[in-house]
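Chemist: Sequence:
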Amino acid sequence: MAGAQPGVHALQLKRVSVTESLRTGDKFIKWDDDCTTVTPVTLRVDPRGYFLYWTDQNKVINLICSSAGKSLSFSESSEAKQRELLDVGTLEGRLENRTLTVVSGADMVNITCLNFTAFNEEVAKEWAEELFSLALNLLAQNMSRESCLEKVYTRLTLQLTAEGGIPVKNIFRLFSADRRRVENSLEVCGLPTGRVRKCFILLKLDPF
Numbered sequence: 001m002a003g004a005q006p007g008v009h010a011l012q013l014k015r016v017s018v019t020e021s022l023r024t025g026d027k028f029i030k031w032d033d034d035c036t037t038v039t040p041v042t043l044r045v046d047p048r049g050y051f052l053y054w055t056d057q058n059k060v061i062n063l064i065c066s067s068a069g070k071s072l073s074f075s076e077s078s079e080a081k082q083r084e085l086l087d088v089g090t091l092e093g094r095l096e097n098r099t100l101t102v103v104s105g106a107d108m109v110n111i112t113c114l115n116f117t118a119f120n121e122e123v124a125k126e127w128a129e130e131l132f133s134l135a136l137n138l139l140a141q142n143m144s145r146e147s148c149l150e151k152v153y154t155r156l157t158l159q160l161t162a163e164g165g166i167p168v169k170n171i172f173r174l175f176s177a178d179r180r181r182v183e184n185s186l187e188v189c190g191l192p193t194g195r196v197r198k199c200f201i202l203l204k205l206d207p208f
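Just so we're aligned, residue 1 is where the sequence shown starts under full-length UniProt numbering, counting upward by one.
Misleading hints may appear alongside valid ones.
As the list claims (entries may be wrong) - Here are the simulated SDA-like pairs of lysine to any residue, each with C-alpha atoms no more than 20 Å apart in a straight line:
hint: 1; residue 1: Lys151; residue 2: Ile166
hint: 2; residue 1: Lys30; residue 2: Thr42
hint: 3; residue 1: Lys30; residue 2: Ser104
hint: 4; residue 1: Lys125; residue 2: Pro40
hint: 5; residue 1: Lys169; residue 2: Gln159
hint: 6; residue 1: Lys151; residue 2: Thr37
hint: 7; residue 1: Lys125; residue 2: Thr101
hint: 8; residue 1: Lys14; residue 2: Glu150
hint: 9; residue 1: Lys27; residue 2: Glu121
hint: 10; residue 1: Lys169; residue 2: Ser144
hint: 11; residue 1: Lys59; residue 2: Thr37
hint: 12; residue 1: Lys59; residue 2: Leu156
hint: 13; residue 1: Lys125; residue 2: Lys59
hint: 14; residue 1: Lys27; residue 2: Leu158
hint: 15; residue 1: Lys59; residue 2: Thr42
hint: 16; residue 1: Lys30; residue 2: Thr117
hint: 17; residue 1: Lys30; residue 2: Pro40
hint: 18; residue 1: Lys30; residue 2: Val103
hint: 19; residue 1: Lys59; residue 2: Thr157
hint: 20; residue 1: Lys169; residue 2: Leu139
hint: 21; residue 1: Lys169; residue 2: Ile64
hint: 22; residue 1: Lys30; residue 2: Lys14
hint: 23; residue 1: Lys59; residue 2: Leu158
hint: 24; residue 1: Lys169; residue 2: Val152
hint: 25; residue 1: Lys59; residue 2: Glu150
Claimed, not checked - Here are the computed distance ranges between Cβ atoms for each label pair:
hint: 26; residue 1: Thr55; residue 2: Gln141; range: 43 to 51 Å
hint: 27; residue 1: Ala162; residue 2: Glu122; range: 21 to 29 Å
hint: 28; residue 1: Lys169; residue 2: Cys148; range: 20 to 28 Å
hint: 29; residue 1: Cys113; residue 2: Ile61; range: 16 to 24 Å
hint: 30; residue 1: Glu187; residue 2: Phe119; range: 24 to 32 Å
hint: 31; residue 1: Gln159; residue 2: Cys189; range: 33 to 41 Å
Rather than coming from a laboratory, the hints here were simulated on the basis of the structure.
All C-beta atoms, glycine included, are put in the ideal place defined by N, C-alpha and C.
Given these sequences and hints, build the entire structure.
Modeler: In structure tokens form, the structure reads like this:
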């Protein structure tokens, strides 16, 4: 066929890019399908696009991998129930157009759904488009070894103590399958191993 170029694929690989608005964050209302309470949170994405994380009014940070799936659907019964719960009936715009449902899990069966309701449709639309782009980025799904290490480092530094330290329990949680090796590595470096309650590592790390 004329003009054909063997080995050339039409798919273009693009580097992960996180917009300023996602890095700065926006106000949302977080709620679960099976709960009766709602929580005001600030939703953000780290500059590298590894994690979607949120901070509640108690400054507690929770996060999930940004490669989770996204949905923007609502049933009429859920909409009515949640309108009453969220007390947003007087706001303009449909509830389903302002709500992001983030689905995450190790497989397609064992999943967790988190719902975030924005205060206007424009914010919800921007977050839906940007998060969907991050989730489908092929470079993010096929990271190099260095990027994997950077992702681990990012996870640890997103959940610091009030003193700016890294809780040792978070390190063990990341490497739960090899606790003994983690303890030995910490001991070799002269760092606490988590045997003391509320132990944390106060370091200025700059591996990259």
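Chemist: Which hints, by number, does the structure contradict?
Modeler: Going through the list in order, the structure violates hints 6, 10, 13, 20, 22, 25, 26, 27, 30 and 31 and respects the others.
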